[in-house]
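Undergrad: Assemble chain X onto chain S, guided by the hints.
Protein chains: 2
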Amino acid sequence: MLQSKLFYKTLKKPPKNIKALSHILLTRAGFIDQASVGSFSFLPLGFRVLRKIENIVREEMEAIAGQEILMPALVSKDNWQKTERWQTFDALFKLKGAGNKEYALNPTHEEIISPLAAKYVFSYKDLPFYLFQIQTKFRNELRAKSGILRTREFLMKDLYSFHASEKDLDNYYEKIGEVYSKIFKRCGIFAFRTLALGGTFSDYSHEYQAVSESGEDTIYVCQKCSFAINKEIKNKFKKCPNCKSFDFRQEKSIEVANIFKLGTKYSLPFDLKFKNKDGKEKPVVMGCYGLGLSRLMGAVVEINNDKKGIIWPEEITPFDIHLIAIGKIKKEAEKIYDDLQKNRFEVLYDDRRDISAGEKLAEADLIGISKRIIISERTLKEKSVEIKNRKEKNIRLLKIKSIKLEINNKC
Amino acid sequence: MLQSKLFYKTLKKPPKNIKALSHILLTRAGFIDQASVGSFSFLPLGFRVLRKIENIVREEMEAIAGQEILMPALVSKDNWQKTERWQTFDALFKLKGAGNKEYALNPTHEEIISPLAAKYVFSYKDLPFYLFQIQTKFRNELRAKSGILRTREFLMKDLYSFHASEKDLDNYYEKIGEVYSKIFKRCGIFAFRTLALGGTFSDYSHEYQAVSESGEDTIYVCQKCSFAINKEIKNKFKKCPNCKSFDFRQEKSIEVANIFKLGTKYSLPFDLKFKNKDGKEKPVVMGCYGLGLSRLMGAVVEINNDKKGIIWPEEITPFDIHLIAIGKIKKEAEKIYDDLQKNRFEVLYDDRRDISAGEKLAEADLIGISKRIIISERTLKEKSVEIKNRKEKNIRLLKIKSIKLEINNKC
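So the sequences go chain by chain: S and X. Per our numbering, the first sequence runs over residues 1 to 411. Per our numbering, the second sequence runs over residues 1 to 411.
It is possible that some hints are incorrect.
What the hints assert, rightly or not - Within a straight-line C-alpha distance of at most 25 angstroms, the following computed PhoX-like cross-link-like pairs (lysine-lysine) qualify:
| hint | chain 1 | residue 1 | chain 2 | residue 2 |
| --- | --- | --- | --- | --- |
| 1 | S | 275 | X | 12 |
| 2 | S | 360 | X | 125 |
| 3 | S | 77 | X | 145 |
| 4 | X | 125 | S | 77 |
| 5 | S | 101 | X | 137 |
| 6 | X | 125 | S | 328 |
| 7 | S | 119 | X | 13 |
| 8 | X | 5 | S | 280 |
| 9 | S | 82 | S | 96 |
| 10 | S | 94 | X | 94 |
| 11 | X | 360 | S | 119 |
| 12 | X | 137 | S | 52 |
| 13 | S | 119 | X | 145 |
| 14 | S | 13 | X | 275 |
| 15 | X | 82 | X | 282 |
| 16 | X | 96 | S | 82 |
| 17 | S | 77 | X | 96 |
| 18 | X | 9 | S | 119 |
| 19 | S | 277 | X | 9 |
| 20 | X | 137 | S | 125 |
| 21 | S | 82 | X | 119 |
| 22 | X | 5 | S | 275 |
| 23 | S | 16 | X | 119 |
| 24 | S | 145 | X | 96 |
| 25 | S | 137 | X | 96 |
| 26 | S | 77 | X | 16 |
| 27 | X | 82 | S | 96 |
| 28 | X | 383 | S | 96 |
| 29 | X | 9 | S | 273 |
| 30 | X | 5 | S | 167 |
| 31 | X | 13 | S | 308 |
| 32 | S | 94 | X | 145 |
| 33 | X | 275 | S | 9 |
As the list claims (entries may be wrong) - Stretches of chain S that chain X covers, calculated by requiring three or more beta carbons in the stretch to come under 8 angstroms of a beta carbon on chain X:
| hint | stretch |
| --- | --- |
| 34 | 71-83 |
| 35 | 132-142 |
None of these hints come from the bench; they were simulated from the model. Treat the numbers as computed from the prediction; the structure is a model and nothing was measured. Every residue gets a Cβ at the ideal spot worked out from N, C-alpha and C, and that includes glycine.
So here's chain S without its partners, still in its complex pose:
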């Protein structure tokens, strides 16, 4: 992509009245734009990151036998009445349409997937199975805040699992934990698996909390074994349930995911049952596993940055390489650009002519693409380019003929 054609603008100063660091950086660097309070547009740079996160999540869900589907955001109120959440779910957006019909905008999909599954499950032979979607959710938030960390509309992955027994659910629940840790690692952050309030079925659920000053949550982390507990339930535990230590530190954090054992809470009202080996009817046992993709993107920026701007982790950088041309070396720069693209690297090529070297580099730091290649008259004299990782200070001279090899090996 030619930077001269890319739809973006960077801002030297942050817009007024925004506080969260990720909100400031993503706005200044041209990744997101606030359409109205609590709802954002993802601009080309931001969209690229979002899709990379999406692909990581999809890959990991498929690796644990998740089958992808897509459920609607808008449904008539009937299903929400069946679970009584039409009345009790505070953040449910309700609306009226033609013919005075009432609808809900789904903030979560238990009310949709349970009756769907009920049409497809008959026998224990149909179990277990795992369905997920990556889809837009809506929450009627009183206060949207912190940019894409808390919005009224957000992109979420929700996975639902269906089991013949609690034991089978328990096994899968543990598996998900490992997969989530892997997803966060690939996205460049660490999140504490945190004990949290349960629902009606199980005493506890788990949240995945990334430590950050912009976070709205508070967690207590055992100093000895790193077991984490959400503040909401901390008073139940004087000592660490894992290692019995009394020594906790307090951290502010962002909830990037949560997992619940739903048990039969939703299978009962929707008559989701199966015949076991003895021919007896049993309710299906369910689990649900959320992960906020747009929020995760915000959390990544909260955690991966320096004074100059964002530092994108390699797997979710908007482009693999930021190629920056300085001075009158158009032909040579274009050759490198073409070569890199032919080798399937995603390249943002700063081809702009009226911009100073200093400005280009400052902008590159703000945008934060993980690898940068600079070509100038000076480097050309040595048949070389300068190469630098955004997260490192070290700049190296690299022979042009070795670029491909170097990047393949070091990426």
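TA: Coordinates of chain X only, in the frame set by chain S:
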């Protein structure tokens, strides 16, 4: 994918009270499920097709310099008031949230993209550019009908173009026409470019209409030159505006896309302007180009089917190959399955044991994957498989060692 694990069920008989052929077939074959009237879930098979259509559309949009973004579905009513469409757009879903704030659920995004562009466009040097998204739209339809052909929620690609002059818009508008034809061809259908009602800016717009008995539109097609006109404006034309013939045939059709010259209709209220070469401020000239992905999927099924079921066109078939094992040949079938997957073919492998050959084949016809390979004790005797394209009658015997070569060459 093992068919024994795939989340689907086929129905021998169509559900009651559904009429459109695509609705019947997609439901019977386990591609979609009605969540409530006018809103559907895409099950694993259906989701795969939808994503393939999405990828084709994305590829073609990028080929004409489209940059992908993602705008919100939910916005506060302010922007819709600015164009007065808050009152005049009939099918606009309106809702109230916390603090009595009013929101719109976007059926289209001129009201969002115009103020967004206004933040990024300053000079003629910033023009032209093209932004698109593939995103969920909402319409407050009085009557949702015909399955995924008319729903309250649907997946749409909307592209917006921004120009310094009407002439530049005109050029791009023509280019889009060619790209749309290519998209429909890749998806296995033909759509007439059809003259239709314009907006306030231009006298006419164009719709892309696929001929089908389930269509809600009526078009008139010139018998001589195939120029097409929507019924809504047919009375303005006694003879064909292209070849002057008086001879038209009438067809029922499905509108799968529409394109509009917006001109300055939206740039004026949102102050979207640029400085031209003489330093004078001018309003940006806009075009918008919609394409309904979920509806296109429905139209494809309306047009590509036979008595036995769906016939998926090769580029959007849910799997490349339906591998069907008949009889006690598990080991050999699995070897072929593994080999095909190693060669990056997407394979649905019917590994089920308690299902008769006839039942398997009938189901395969209903699902409609474009290429089928059958392995049985009989074919194994000849070290072969049977291979058949869904759209052809011809069944051929093919040596197992030649499968890879054959499929690579013939696909």
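Undergrad: All hints are to be evaluated individually against the structure, with a verdict given for each.
TA: Comparing the hints with the structure gives:
1. Using a Cα cut-off of 25 angstroms, the hinted pair residue 275(S) and residue 12(X) holds, with the two alpha carbons roughly 22 angstroms apart.
2. The straight-line distance between the Cα atoms of residue 360(S) and residue 125(X) is roughly 18 angstroms, inside the 25 angstroms bound, and the hint therefore holds.
3. With a C-alpha separation of about 19 angstroms, the suggested pair residue 77(S) and residue 145(X) falls inside the 25 angstroms cut-off, and the hint holds.
4. Restraint check for residue 125(X) and residue 77(S): not satisfied, since their Cα atoms lie roughly 50 angstroms apart, outside the 25 angstroms limit.
5. As the CA atoms of residue 101(S) and residue 137(X) are separated by approximately 18 angstroms, the hinted pair is consistent with the 25 angstroms bound.
6. At roughly 21 angstroms between alpha-carbon atoms, residue 125(X) and residue 328(S) fall within 25 angstroms of each other, so this suggested pair holds.
7. Simply put, residue 119(S) and residue 13(X) have alpha-carbon atoms about 15 angstroms apart, close enough for the 25 angstroms limit, and the pair holds.
8. At most 25 angstroms may separate the alpha-carbon atoms for a hinted pair to count; residue 5(X) and residue 280(S) meet this at roughly 23 angstroms.
9. With a CA separation close to 18 angstroms, the supplied pair residue 82(S) and residue 96(S) stays within the 25 angstroms bound.
10. The suggested pairing of residue 94(S) with residue 94(X) holds, with an alpha-carbon distance near 10 angstroms, which does not exceed 25 angstroms.
11. Pair hint residue 360(X) plus residue 119(S) holds up; C-alpha atoms about 21 angstroms apart against a cutoff of 25 angstroms.
12. For a cut-off of 25 angstroms, the pair hint linking residue 137(X) to residue 52(S) stands: about 23 angstroms separates their Cα positions.
13. The straight-line distance between the Cα atoms of residue 119(S) and residue 145(X) is roughly 22 angstroms, inside the 25 angstroms bound, and the hint therefore holds.
14. Of the supplied pair hints, the one linking residue 13(S) and residue 275(X) holds, its CA atoms being roughly 24 angstroms apart against a limit of 25 angstroms.
15. Restraint check: the Cα-Cα separation between residue 82(X) and residue 282(X) comes to about 20 angstroms, which is no more than 25 angstroms; the hinted pair holds.
16. Note on residue 96(X) and residue 82(S): the hinted pairing holds, with a Cα-Cα distance of about 23 angstroms set against a maximum of 25 angstroms.
17. Proximity of residue 77(S) to residue 96(X) is assessed by CA-CA distance (about 16 angstroms); at most 25 angstroms being required, the pair is judged to hold.
18. In summary, the hint linking residue 9(X) to residue 119(S) is supported, as the alpha carbons are separated by about 9 angstroms, within the 25 angstroms threshold.
19. At most 25 angstroms may separate the alpha-carbon atoms for a hinted pair to count; residue 277(S) and residue 9(X) meet this at roughly 21 angstroms.
20. For the proposed pair residue 137(X) and residue 125(S), the alpha carbon gap of about 38 angstroms is over 25 angstroms, so the pair is violated.
21. At roughly 46 angstroms between alpha-carbon atoms, residue 82(S) and residue 119(X) are farther apart than 25 angstroms, so this suggested pair is violated.
22. The hinted pair formed by residue 5(X) and residue 275(S) meets the criterion: a straight-line CA distance of about 18 angstroms does not exceed 25 angstroms.
23. Between residue 16(S) and residue 119(X) the CA atoms are separated by roughly 15 angstroms; this keeps the pair inside 25 angstroms, and the hint holds.
24. Distance restraint check for residue 145(S) and residue 96(X): the Cα-Cα separation of roughly 19 angstroms lies within the 25 angstroms cut-off, and the hinted pair is therefore satisfied.
25. Restraint check: the Cα-Cα separation between residue 137(S) and residue 96(X) comes to about 17 angstroms, which is no more than 25 angstroms; the hinted pair holds.
26. Of the supplied pair hints, the one linking residue 77(S) and residue 16(X) holds, its CA atoms being roughly 23 angstroms apart against a limit of 25 angstroms.
27. Straight-line distance between C-alpha atoms of residue 82(X) and residue 96(S) comes to about 23 angstroms, which keeps the hinted pair within the 25 angstroms bound.
28. Straight-line distance between C-alpha atoms of residue 383(X) and residue 96(S) comes to about 63 angstroms, which puts the hinted pair past the 25 angstroms bound.
29. Proposed proximity of residue 9(X) and residue 273(S) is supported: the alpha carbons are some 16 angstroms apart, at most 25 angstroms.
30. For the hint pairing residue 5(X) with residue 167(S), the CA-to-CA distance comes to about 20 angstroms; that is within 25 angstroms, so the pair holds.
31. Using a Cα cut-off of 25 angstroms, the hinted pair residue 13(X) and residue 308(S) is violated, with the two alpha carbons roughly 63 angstroms apart.
32. Taken as a hint, the residue 94(S) and residue 145(X) pair is honoured in the structure, with Cα atoms around 23 angstroms apart against an allowance of 25 angstroms.
33. Our distance criterion of 25 angstroms between C-alpha atoms is met by residue 275(X) and residue 9(S), whose separation comes to about 17 angstroms.
34. A stretch counts as covered by a chain when three or more of its residues have a beta carbon under 8 angstroms from one of that chain; for the stretch 71-83 of chain S and chain X the count is 8, and the coverage holds.
35. Coverage of a stretch by a chain is defined here by at least three residues with a beta carbon nearer than 8 angstroms to that chain's beta carbons; for the stretch 132-142 of chain S and chain X the count is 5, and the condition holds.
Going through the hint list in order, the structure does not satisfy hints 4, 20, 21, 28, 31.
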